[in-house]
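Residue strings, one per chain:
Protein chains: 2
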Amino acid sequence: MIIIVDAFGGDNAPLEVIKGCAQAVEKLGVNIILTGSSSKIEKCAADNGISLRGIEIAHTDDVFDIHEKPNEIVKSGKNSSMGLGLSLLADGKGDAFVSAGSTGALVMGATFIVKRIKGIKRVAPSPILPGDKGSFILLDAGANTECRPEMLAQFAVMGSAYMEKVMGIKSPKVALLNIGAEETKGRELEIESYKLLSESGLNFVGNIEPRDLPKGEVSVVVTDGFTGNVVLKLYEGMGSFFAKKIKWIFSGAGVLGALFSIGKIKAFKEQMDYRKVGGSALLGVRKPVIKAHGSSDAKAFFNAVRQAKKCVDGSVTKVIEDYAARLAGSDKNGEN
Amino acid sequence: MIIIVDAFGGDNAPLEVIKGCAQAVEKLGVNIILTGSSSKIEKCAADNGISLRGIEIAHTDDVFDIHEKPNEIVKSGKNSSMGLGLSLLADGKGDAFVSAGSTGALVMGATFIVKRIKGIKRVAPSPILPGDKGSFILLDAGANTECRPEMLAQFAVMGSAYMEKVMGIKSPKVALLNIGAEETKGRELEIESYKLLSESGLNFVGNIEPRDLPKGEVSVVVTDGFTGNVVLKLYEGMGSFFAKKIKWIFSGAGVLGALFSIGKIKAFKEQMDYRKVGGSALLGVRKPVIKAHGSSDAKAFFNAVRQAKKCVDGSVTKVIEDYAARLAGSDKNGEN
Numbered sequence: 001m002i003i004i005v006d007a008f009g010g011d012n013a014p015l016e017v018i019k020g021c022a023q024a025v026e027k028l029g030v031n032i033i034l035t036g037s038s039s040k041i042e043k044c045a046a047d048n049g050i051s052l053r054g055i056e057i058a059h060t061d062d063v064f065d066i067h068e069k070p071n072e073i074v075k076s077g078k079n080s081s082m083g084l085g086l087s088l089l090a091d092g093k094g095d096a097f098v099s100a101g102s103t104g105a106l107v108m109g110a111t112f113i114v115k116r117i118k119g120i121k122r123v124a125p126s127p128i129l130p131g132d133k134g135s136f137i138l139l140d141a142g143a144n145t146e147c148r149p150e151m152l153a154q155f156a157v158m159g160s161a162y163m164e165k166v167m168g169i170k171s172p173k174v175a176l177l178n179i180g181a182e183e184t185k186g187r188e189l190e191i192e193s194y195k196l197l198s199e200s201g202l203n204f205v206g207n208i209e210p211r212d213l214p215k216g217e218v219s220v221v222v223t224d225g226f227t228g229n230v231v232l233k234l235y236e237g238m239g240s241f242f243a244k245k246i247k248w249i250f251s252g253a254g255v256l257g258a259l260f261s262i263g264k265i266k267a268f269k270e271q272m273d274y275r276k277v278g279g280s281a282l283l284g285v286r287k288p289v290i291k292a293h294g295s296s297d298a299k300a301f302f303n304a305v306r307q308a309k310k311c312v313d314g315s316v317t318k319v320i321e322d323y324a325a326r327l328a329g330s331d332k333n334g335e336n
Numbered sequence: 001m002i003i004i005v006d007a008f009g010g011d012n013a014p015l016e017v018i019k020g021c022a023q024a025v026e027k028l029g030v031n032i033i034l035t036g037s038s039s040k041i042e043k044c045a046a047d048n049g050i051s052l053r054g055i056e057i058a059h060t061d062d063v064f065d066i067h068e069k070p071n072e073i074v075k076s077g078k079n080s081s082m083g084l085g086l087s088l089l090a091d092g093k094g095d096a097f098v099s100a101g102s103t104g105a106l107v108m109g110a111t112f113i114v115k116r117i118k119g120i121k122r123v124a125p126s127p128i129l130p131g132d133k134g135s136f137i138l139l140d141a142g143a144n145t146e147c148r149p150e151m152l153a154q155f156a157v158m159g160s161a162y163m164e165k166v167m168g169i170k171s172p173k174v175a176l177l178n179i180g181a182e183e184t185k186g187r188e189l190e191i192e193s194y195k196l197l198s199e200s201g202l203n204f205v206g207n208i209e210p211r212d213l214p215k216g217e218v219s220v221v222v223t224d225g226f227t228g229n230v231v232l233k234l235y236e237g238m239g240s241f242f243a244k245k246i247k248w249i250f251s252g253a254g255v256l257g258a259l260f261s262i263g264k265i266k267a268f269k270e271q272m273d274y275r276k277v278g279g280s281a282l283l284g285v286r287k288p289v290i291k292a293h294g295s296s297d298a299k300a301f302f303n304a305v306r307q308a309k310k311c312v313d314g315s316v317t318k319v320i321e322d323y324a325a326r327l328a329g330s331d332k333n334g335e336n
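Chains A and B are the protein sequences, given in the same order.
The numbering used here applies: residue 1 is where the first sequence begins, and numbers increase by one.
The numbering used here applies: residue 1 is where the second sequence begins, and numbers increase by one.
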């Protein structure tokens, strides 16, 4: 299996990318194509004593600037490390693509270079968020600020396929994010989506109110991209805020107190650690594309590659494709 | 000053309501009209040794059922303790009204019994949320799931008036909740609202991303009622989740560790305590209406009465009214 990785995406590129990829070659048995400046990659690897065994370099000098408009990724083609990676994926030179670059550009590039699965209306960034009883996938987490009910129904299918095939959750519980438990709550979008989800054949458990998200009692949460992005960013923001507060409270606990609690603090940090997941899958694309967090370190890149591998192993895109084909059979308006 | 209080709203009625009101009479020098069953109120006060000095009872046997449709409050009129309180306020028998009953019914009743300020398009529940550097008011927190830009501009005016007159913040910083910092981010609602807010003459500081809300660096946050309700409920949910986690972590810290940290834990709990605020003002109504939290205890009811008193003292409704009148002068479409 070949995983293509953007060597120049994220705050810690290229060193942490190369480190994570070298570990992935060693521990996961995958081959890697790194996109970006070959001289810089080779120098960085040599300077840090990292072996490039199992890693091929696809050279390009440019890097997609995070301040550029997302659609520039389509126009500029293979010039940037991200654009080249997407093109290689589209051309069948690898099985999946990982990048920690601009989310907007990656969504645009995945949509127009790798292309959507036939019948799927929108590509959705789909992060995994930690909860008390288990993690859940949230989609759309930011790409499509205005959505129609049939898009939310498709998000539910894509999220279910992912949680089942990649995370190993049998018949994952799907919930619609809403401001009340009753099916009459919310905007027209929620009321109509509720009906579609009820008839979807998925394990739809109804509405979930935002206060219940941290409990982690469902596996798939669907909403429009504006609300999803608000939830994602507030979730992160509250997480950082409380982590800071816990540290502050504990700075007074003394050595003895810290000794008694250190195991629990570690367990809690582990539970909340975004790095263990890897990144957000961009679901709805013909081949797996993983958006790694901008601040990813080697561990996070390693896990993003592992996540990409699991998507390939679990044939997530095939499962979504089959669903979309069935849908197209029963509904001639299936494609947009 | 007379504050009307619904004696039968919330989970802890009537005992905690009566306790809180008795304290308010004693410490704030206000008079209270309690609405609800006079025999039940008198028995509860007698059984618990609470003085009813300064408290008058406006009798009605019924209580508005939280499961009824909100608009029933308008049809059923003065029959329920909430409906009677709203009618007394509308008739000038008191200066403000406090209830811990159904938010939906209170918004409907405030809008159609007490009525909106002329020129104000929507009544908005406006809770105060705790942040690291300071608290902020969030509106609309749930009443109007679909909003137009001019509504968000009015929310900003109402929130500013409240933070200045009740919370004593000079020239409060106003921000638009959005999924990016740039003014081109978000849906049409955010893009158009940004323009209106820029020209509003308020201290508008631009967009705020949800991850920055817990920092508490702005005083007024405006958004539509769907997004606002999601933010409010996720804020509460994350708060409970982390409070539980902090407790769990600390259960291992031992007596010595706890001793060292107990002051900090108390300070943090105090910072996050919703009871110190009282409740959510329903801004846009002709007279102050305060929605107390459903789980309010005596302290929370006391603070809700204090909050109502501050609204009267600061002439919050007058400030909003003056603004709306100026707006109507410059814009003939001012009223909806």
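Some clues are possibly wrong.
A pair counts as met if it fits within one copy or between any two copies, since identical chains are not told apart.
[Stated by the list, open to error] Simulated pairs of lysine-lysine, DSS-like, Cα-Cα distance not exceeding 30 Å: (1) Lys93 <-> Lys27; (2) Lys269 <-> Lys115; (3) Lys40 <-> Lys133; (4) Lys170 <-> Lys40; (5) Lys185 <-> Lys75; (6) Lys245 <-> Lys264; (7) Lys115 <-> Lys185.
These aren't lab readings, by the way, just hints derived from the structure by calculation.
Here's how the hints hold up against the structure:
In the homo-oligomer, the alpha carbons of Lys93 and Lys27 lie at most 30 Å apart inside one protomer (22 Å), although the nearest pairing across protomers, at 76 Å, exceeds that limit. Proximity of Lys269 to Lys115 under the C-alpha cut-off of 30 Å is found in neither arrangement, the shortest distances being 37 Å within a copy and 50 Å between copies. Taking the shortest alpha-carbon separations for Lys40 and Lys133, neither the intra-copy value of 43 Å nor the inter-copy value of 43 Å comes in at or below 30 Å. In this assembly of identical chains, the alpha carbons of Lys170 and Lys40 never lie at most 30 Å apart, being 44 Å within a copy and 53 Å across copies at closest.
Taking the shortest alpha-carbon separations for Lys185 and Lys75, only the inter-copy value of 22 Å comes in at or below 30 Å, while the best intra-copy value is 43 Å. In this homomeric assembly, Lys245 and Lys264 come within 30 Å of each other (Cα to Cα) both inside a single copy, at 16 Å, and across copies, at 9 Å. Taking the closest pair of Cα atoms, Lys115 and Lys185 come within 30 Å of each other only across two copies (25 Å); inside a single copy the shortest separation is 35 Å, beyond that limit.
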